[in-house]
Amino acid sequence: MHSTSGGSAATPDPGQHTALEDIVRHVGHLLPAQGPIDVFIHHNTLHAFADLTFDDAVLEAGRIYGCQPYLSEDRYRDELRSGRIDEADVTAVLAATLGLRGEERVVGEHTRLELWRRMVVYGLPERAGEALGWELSETDVLVRLRGDLPADARQAAGLSSTASGRRAEESRYVAALWSACQAAAQRGASAVAPDVPRPRRPRDIVLAARGIDIDDWVHPILIRTTSAFLDQGLADWPMAGRDRGLYRCFIDLYSRRIARLCRPIGKQLLAIARAELESGRDGLASLQRSLEELGQPRADWQAFLRDEALALRGFAGMIHQIELRPDRAPTRAVDARLADLLAVRLVIVRAALAHAAARSGAGDGPLDLRAWLDGCAADSSAPPAPTTDERAWALFHMAQLAGLTPANVEDLHARDIDALQAERRALDGVARRRVLHQAYERRLRHRFYDALLGNRAEAIEAPAFQAIFCIDEREESIRRHLEEVDPLAETFGVAGFFGVAMYYRGATDAHARPLCPVSIRPRHFIAELDDAPAQGLRQRLLRRWQHIGALVDKNVHLGSRRARLGAVFFAALGALWVVPLLLRVVFPWLYRALARSYDGLQFRRARLGIAHQPHDSPPAGEQSGFTTEEMAEIVYSQLVGIGIRDRFAPLVLVLGHGSTSLNNPHEAAHDCGACGGGRGGPNARALAQMANLPEVRSLLASRGLHIPSRTWFVGGERNTASNDITLYDTDESPEHVRALLQRAVESLQTARRREAHERCRRFESAGAWLPPAAALWHVQARSADLAQPRPEFGHATNAFCFVGRRARTRGLFLDRRAFLVSYDPEGDADGALLEKTLAGVVPVVAGISLEYLFGYIDPTGYGSGTKLPHNVTALVGVMDGAQSDLRTGLPWQMLEIHEPVRLAIVVEAKPSLLQELVARDAELQRLVDHRWVLLAALDPTSAELVELDSASATRYVQEHALHVTRGDSRRHYQGRRGHLPLARIEPAAHEGA
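Our numbering numbers the first residue of the sequence shown as 20 and each following residue consecutively.
Please note: incorrect hints may appear among the correct ones.
[Said to hold, decoys possible] Quick list of in silico lysine to aspartate or glutamate cross-link-like pairs, EDC-like style, CA-CA up to 20 angstroms:
no., residue 1, residue 2
1, Lys855, Glu942
2, Lys855, Glu652
3, Lys929, Glu966
4, Lys286, Asp234
5, Lys929, Asp940
None of these hints come from the bench; they were simulated from the model.
Take the sequences, apply the hints, and build the full model.
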C-alpha cells in the first residue's frame, strides 16, 4: 500500500516554487548555524530570535525547540544558599520590574513586592496529576509547615513553644489550612483547561492517536542517507553521483529493490520512490507534492516544514550551512540543498504513514493520507482542566509564605482568591526563574564594575617590550602573569585574526582553510612555502611518508571495524599498536616528549608568502598574497587605536593562539573564535611580517603612524591547552633586538609555567600542591592524553569584556573571565576608531558568551551533551553512539565549570558618545537594546560608570570595596578550586607603603 501512484510530472507553477523556496529559506534561518566541526564557529545559539528581547527569545525558542529558557528553580536556590545570588539582588530586580505596582497591598499586610520576593526566594513547588497525588499521600506536606518559612510567617501560625505540643498542633494547623485552601479554590473562578496547540507533525498526531512513533522508521533511513551524502572521506565506499544533489541520489538508490531492506517500511518506500523517479520531479517539486499529499494548507507550510526540519535539526542545519558556505567543507563541497533534504524526509514520512495505516487496519488499498491523519487527530483527547486540589496547592503554599492562617483564608472573598491566583500566574515558574537569573547576573556584573572602579590606573612610561595577544579571555591570565614576571612588559588585546582575513594553507596541509570571522569571506590566499631549495626534497619525502601513513591509518581504521579484516589486522599489527597506545593512555607526557623529539628531527623550515603574486591562480579566494597598500591598511587598522601609537618598544610580539588535543572532535572549539575556529598563529605571523616591511612603514608614516626603525615585530602562537609558545622567524631578527628577544622568551617561559599552575586549580586530577613546572607538565600531558575528555575548559567562565586602556585593568585578577580589548580613547574624539572596534569585536564575544550560556542552561537541547558517547560522522560532526542526529553545540565537558550569564561589556568612553555609536550600528543596537549583552560606559576622565542602551542611561554607584592581595596572583588562587572574587594584585614591595 502506498499513498500516491506514479504518473507524469505536472507542470510546476513558478510562483508556487518561488514561494516554497522562500519558505525553505526561512526554515533554514531557524536551524543550527554550526558548520563542519573542524571549523567550529561560536555563535549565538538563538541567532534566529535576535530581533526579540533576550527574555522573549528564550521563551519563544524554548517553545519551538523544546528547550529550557533558564536554569531550574532548584539550581538558582542552590546559588542563593551558596552566596552566588544575594537576596538584595532579587529585591532590586523585582523592584525594577514592578515599579510603583510593587507598593500595592495584595494579601494581608504584604505588598506585591514582598509577596513576589517570598515567592521567588522560597518558591512554589509545581505539582499536578499523579505527582500531586503522591505528594499529598506519601509525604508529610499535610502535617508539617514548610521548613524554609520566613520567621514572621512561622510566628503567624502561633504554634506551641514545647516540642511535643507543637508537633500535634502543627499537624492540626496544616490540615486546617489545606482544607481552607481547598474550599477557597472552589469559591474562586472556575478553572479553564490549558490551551494546548494542535499537533502539526504527522508523527505527533499518529503517536497520540495510535501509539506509533514513525520517527523510529524515518530517522534511521534519513540519518544513513544524509551521512553518506555529506561524507568527507570517512567512508570507504562513497555515495555515487553526489553532484546531482541529495534528492536525486536518494530517489535513484531507493527506487531499487535495496529499499526493501529498510524494514518495516521498505515495501511502501520502494513504491513511492519509483513513483517519484517516474515523475521526473526535482527536489522542490517533490516537496510541494508531499505537502499536498499530507493535506497541509499553504498557510501552514512554513510552520510544518520548520517542525519537520527541527526533528533532525543537526543534519538539516549541516546541509544548510554547506549550502551557504561550501568553502567551509573539510575536503569536498557537495551539492547540498535544504529543499532536497526536506523532500527526502517527506518521501520517507509518506512511506512510514502508509505502513502505520496498514498496521492500524486501514487495509491495503489506496490511502488518502489527509483523511487518515484527520481521523487520527479526531481521536486525540484534549487535556483536562485543573482539579480542585491542583488549584488549592498553589494557594496552600502562598498562604504559608504570606503567614495567612486558616481563618484568614476562610475570610477571603472570591475576588481576593482570584487576585491571588492572578499573582501566581503572573509570577509562574518561568517568571520566577527569570527573576532569579537576572539577580544571578546582577551580582556578578556589579562585582566587575566594582573592580574597575576600585582599580588604580597605572601606565608604563617606557616598556621594555610589548606583546599583542588575542582578546580571548584565556589570554587574560598569561598577560597578567607576563606583566607580573616582567613589570616592564606591556600587553595589548586585539581580535585574534589580527585583521588578516585569508585562506591559509600550511606547508604540510592538504587544503586551504579560512582564518577570519565567519561573517567574512576571504579574498586572499596565503601559503607557507619551503624556505630553501635544499628543503624541497626533505619536504617531498616527508609529505610522501605522511601520505603513506595516512593511507595505512585509514585502512586499519576501516578494516578493524569488519569481522574478518579486523581479526587479520589485530593478529598482524595489534602488537605494534600496543606500545604507542599504552604510552598515550598511561604515560601521555612521555608519549608527547617522544613525539616532539621526532618532530624536531624533521628540521622543517618554511616561510610565509604574503606578497601579492598577480600571475598566480590561487586554489581559494581571488588573489595570492596582499598588495603593499593592503598590508599597510591592515597594520594601520590593528595598531592605530590600541594605545601603542607613538610609544613603540624596540620589540613587539604578536601572539595568536590555538589548541591541540587528542581524540577530541571538538578541538576546533578550543581554537580562536576570531579565526573561525582556526589557529591564529599564521595571522599573527603575517601581521608581524607586514609591519616589518620598509615599504609598508613608509605608507604608514604618510598616514601619521610612525614605527621607529629600531622596532621589530615577531609573530607567534600560544597553545592554550599545552601552554607551548612558538615564535616564528626569529632568525630574521636584527642584532639589536636579540638580547631583548631572549629576555622576552625567558619571561614568557616563566609566565607560561605560572599560567599553567593557575589553570590546574580547575582540574580535579591536578594536586593543589603542584609547583609551576609540574603544573606545566600536567597541562602538556592533558593535551596529549588519548583518554582525556577535558584537555582544557575553553571559554568556560567567560562573563566580562572590557574595551579600553590596559592601565584600567593592569594588576586586576579577573580569573580568566574577561575579554580584554585594547582601545585608547585619547585622539578618538569622534569615536571613529571605537566604532570599528565595537563592530568587529562585540558580535564575536557575544556569540561566544551566548553559546556557552545556552549550552549550560540546556546541555542536551542547546549543547551536544556529554562527549563520552560521541562518534565522528562523515567528518562533519558527531552523533551519540551508532546512530543519532548530529549533536550541535558544546559538549558538557567544556561547560561544566561555567556560570551562565550574559556578557557584561564595559567600554572606556563618554556615555553620550557610546550611546551615539550604539544607535548608529544596527547589529550593535539590537544586541544592546534587546539585552543580549549588558553594556556600560566608563568615563575616560573620571571614575563614573554608567549602564546604558541606545536610549537610556543609569549611573552605577560602587557597592563593594576591591579586595587587595599582596604578592602575585598565586597568593590569591593557591589551593582554591571554584570561582574566585576579583581582586587587585599588588607587588609585595608595596606592602606597608
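These are the hints, each one checked on the structure:
As the CA atoms of Lys855 and Glu942 are separated by approximately 13 angstroms, the hinted pair is consistent with the 20 angstroms bound. With a CA separation close to 14 angstroms, the supplied pair Lys855 and Glu652 stays within the 20 angstroms bound. Taking the CA atoms of Lys929 and Glu966, the gap is near 12 angstroms; set against the 20 angstroms cutoff, the hint holds. Pair hint Lys286 plus Asp234 holds up; C-alpha atoms about 17 angstroms apart against a cutoff of 20 angstroms.
Between the alpha carbons of Lys929 and Asp940 the distance comes to roughly 17 angstroms, so the proposed pair stays at or under 20 angstroms and holds.
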